[in-house]
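Using the sequences plus the hints, can you model the full thing?
Chains as they are written, first to last, in the working numbering: chain D, 1 to 387; chain B, 1 to 387.
Errors might be hidden in some of the hints.
Which copy is meant is left open, because identical chains are indistinguishable; a pair holds if it fits in one copy or across any two.
[Claimed, not checked] SDA-like cross-link-like pairs, simulated, lysine to any residue; straight-line CA separation at most 20 Å:
no.: 1; residue 1: K266; residue 2: D105
no.: 2; residue 1: K266; residue 2: G102
no.: 3; residue 1: K178; residue 2: L190
no.: 4; residue 1: K253; residue 2: G72
no.: 5; residue 1: K266; residue 2: R43
no.: 6; residue 1: K273; residue 2: G102
no.: 7; residue 1: K266; residue 2: G42
no.: 8; residue 1: K253; residue 2: Y70
no.: 9; residue 1: K266; residue 2: E45
no.: 10; residue 1: K365; residue 2: A277
no.: 11; residue 1: K358; residue 2: D201
no.: 12; residue 1: K231; residue 2: P41
no.: 13; residue 1: K198; residue 2: D24
Simulated from the structure, these hints should not be mistaken for lab results.
Number of protein chains: 2
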Amino acid sequence: MRDVAVVGVGLSEWGELWGRSIRDLFVEAAVNAVDDAGVEPGRIEAIIVGCMTGGLFTGQEHIGALVADYFGVAPISATRTESACASGGAAFRAGLMAVASGYHDVVLVGGLEKMTDVDGGGATRALAAASDAEYEAYHGVTFPGLYAMMARAHMAKYGTTREQLAMVAVKNHLNGSKNSHAQYQDAVTLEQVLGATKVADPFGVLDCSPITDGAACALIVPARTARRVAKGIPIRVTGSGQASDTIALADRKDLTFLRSTAEAAKQAYRQAKCGAADISFAEVHDCFTIAEIMVTEALGLVKRGQGGPAVEAGETAIGGRIPVNASGGLKSKGHPVGATGVAQIHELVTQLRGKAGKRQVKGAKRGLAQNMGGTGASSTVHILEVS
Amino acid sequence: MRDVAVVGVGLSEWGELWGRSIRDLFVEAAVNAVDDAGVEPGRIEAIIVGCMTGGLFTGQEHIGALVADYFGVAPISATRTESACASGGAAFRAGLMAVASGYHDVVLVGGLEKMTDVDGGGATRALAAASDAEYEAYHGVTFPGLYAMMARAHMAKYGTTREQLAMVAVKNHLNGSKNSHAQYQDAVTLEQVLGATKVADPFGVLDCSPITDGAACALIVPARTARRVAKGIPIRVTGSGQASDTIALADRKDLTFLRSTAEAAKQAYRQAKCGAADISFAEVHDCFTIAEIMVTEALGLVKRGQGGPAVEAGETAIGGRIPVNASGGLKSKGHPVGATGVAQIHELVTQLRGKAGKRQVKGAKRGLAQNMGGTGASSTVHILEVS
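As structure tokens, then:
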């Protein structure tokens, strides 16, 4: 198996972008990634792009061919991957396999979602396709509702408090206020989070990640050719894991533990020959505040049940023991579903290069990205290190 | 790069199956594949499943996790691939990379589509997501219309006749009448095809592949372990290619040539160290009758412009120089979009094992499968050989 390195990363504009299309957003991110790497687009041999539901959001599937065409690199191979909100992480992993196998030497991994081109409840309906359509969505439960049930179970079992949930939002908005790319660059107070319009008890609107249009790209090559192919410091991918769980929440033995994340992390730690204690910082899937708490536990970054106290003690803040979501996370940076997993790779590379500016994690040597689909029916975990 | 072999294949029931769900259909195909291979499901390390648009057809995305859950193999890695109607071929190729890279030793590749759970124009609208949603579908053009334009261009340039188009349908329905798994097992006459209800000039309804519910699976392992892991004769995958083209037909220089298929074939022939003349038989993407004619040309199985005369001369019939779609093809066997590419692998394995019964191609030693998305904006080509 060939080792793989990231040699370039790029993002498009993120936000409510009614004037822009998915092809447009992808091309912006792709151009930024190849510019960052200093690699000619003509050297790209394949595109793998994560997208959750181009069909329900925009009426457009066949996303791979679309973006290869508009980026001007047809007739290269172009495929979309989908694992709901972990579509970007799954694309990155598929890209690793494409390079590690020897099938391709230069692969552009991307992710995108255009979420605002639908009417009132359209986004909620489209996102519900990540849950069990027949046994969850059909009966009217939405994602805020599903995660609210997980939150209530976690609160009952471990004593996690409403305030601790809110502190995740406060921390991530503070981080996002230092990220010029974030959709929301405003710090929020604990009182604002606690007093926000209720969405699904215990969540107010500030416990929920937003609806976002955006794309992200990463260019990957074999590690041994990275310095020859591209300019700048390549970042090695040392660990990759992916796992699944029951699609319906009701089928789980324990609502408070993310089995797919724990399993994917185990694979990634094994491949990277390290453990949770060796991670400098992490970007994780905080689609709702409870998610970040449960993910840090499943990754072993904090002890089981201690995700709430850890955020309250500042352990996961920038400057804390294990900074989590220095970028602002999905909560503040935005969550264009299929792009999120690749944007996490963007943040890891930026931090590991020491180029994260006001949100830089000091001593960032080994970063972890965790991307999650549905209520955790899919998870990917990747570990990146300075070469 | 590790060589890969197929050790088991399976199909679900195919047809208009209003009483069955996508999870149900996938599990049937998966059980048949592992039974065929004699491999315990617990040995499967990853699932990669092709599906074009679970969202628009059924409201369900997150297809990978769904089928892993219902097949009872969670928490293994499970990802969906999508390249429109080539989603199954793309899944197969992603599976090859997963095994060739050393990431996984036993991978279940699948494909599925549940197309009949939508009302009147729902299927046509969902399928239009494989075209350019903004510049084709938005203006009302449908897939029969797009392929009809390609047919008219081919007729004008090469003198391909209306009768030759119809002969593709006659041949494939005759083949399908020998396939107990085909959705339509009825031979049709030239007069029936020519006289059928017009869909988009020059096509009648019998020039078009049907709407189908169904799934297909193939179990793949490293070639060197195939005889140890599974019972029966493993079939080696010796060539794989994938390529793209402009998503919109209007952006092509030549409507009569499938560039993505020609490019994917070039890659596959190179890897398999063979040429078109070395292929014993082929399963190709005959979504419309003109498609088979154009594909045989792009693959080099017949000369450019000679696809029509070749079918008229019986060259592509079972017993002809190069049998094409001995299974009945999409036209007669059915076309559950995401499943089609994997079902082609099923047919190749069945033929190469000499188990195709009344439709057996004599001397089948090297088979080729070509799967195509949209109007050819994506193509995959795979070459399989007896060990």
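K266 and R43: within-copy, between-copy, both or neither at 20 Å Cα: For K266 and R43, the Cα distance is within 20 Å only across copies (18 Å; inside one copy 34 Å).
Intra- versus inter-copy proximity for G72 and K253 (alpha-carbon distance at most 20 Å): between (48 Å within a copy, 15 Å between copies)
Within, between, both or neither: K273, G102 at alpha-carbon 20 Å: Intra 23 Å, inter 17 Å, cutoff 20 Å: inter-copy only.
Identical-chain pair category, K266 with E45, by Cα at 20 Å: between (31 Å within a copy, 14 Å between copies)
Up to 20 Å CA-CA - Y70 versus K253, copy category: Classified as between; 16 Å across copies, 46 Å inside a copy.
Alpha-carbon proximity context of K178 and L190, limit 20 Å: Classified as within; 18 Å inside a copy, 70 Å across copies.
20 Å Cα threshold - placement of D105 relative to K266: between (28 Å within a copy, 18 Å between copies)
Intra- versus inter-copy proximity for G42 and K266 (alpha-carbon distance at most 20 Å): Close across copies (18 Å), not inside one copy (37 Å); limit 20 Å.
Identical-chain pair category, K231 with P41, by Cα at 20 Å: Only inside one copy: K231 and P41 sit 14 Å apart there, 45 Å across copies, limit 20 Å.
Same-copy or cross-copy closeness of K365 to A277 [CA-CA at most 20 Å]: Classified as within: same-chain Cα gap 12 Å, cross-chain 54 Å, threshold 20 Å.
Homomeric proximity label, K358 with D201: Cα distance no greater than 20 Å: So K358 and D201 fail the 20 Å test inside a copy (34 Å) and across (63 Å) alike.
20 Å Cα threshold - placement of D24 relative to K198: Answer is neither: 35 Å inside a copy and 38 Å across each miss the 20 Å cutoff.
The earlier numbered hints that this structure contradicts are 11 and 13.
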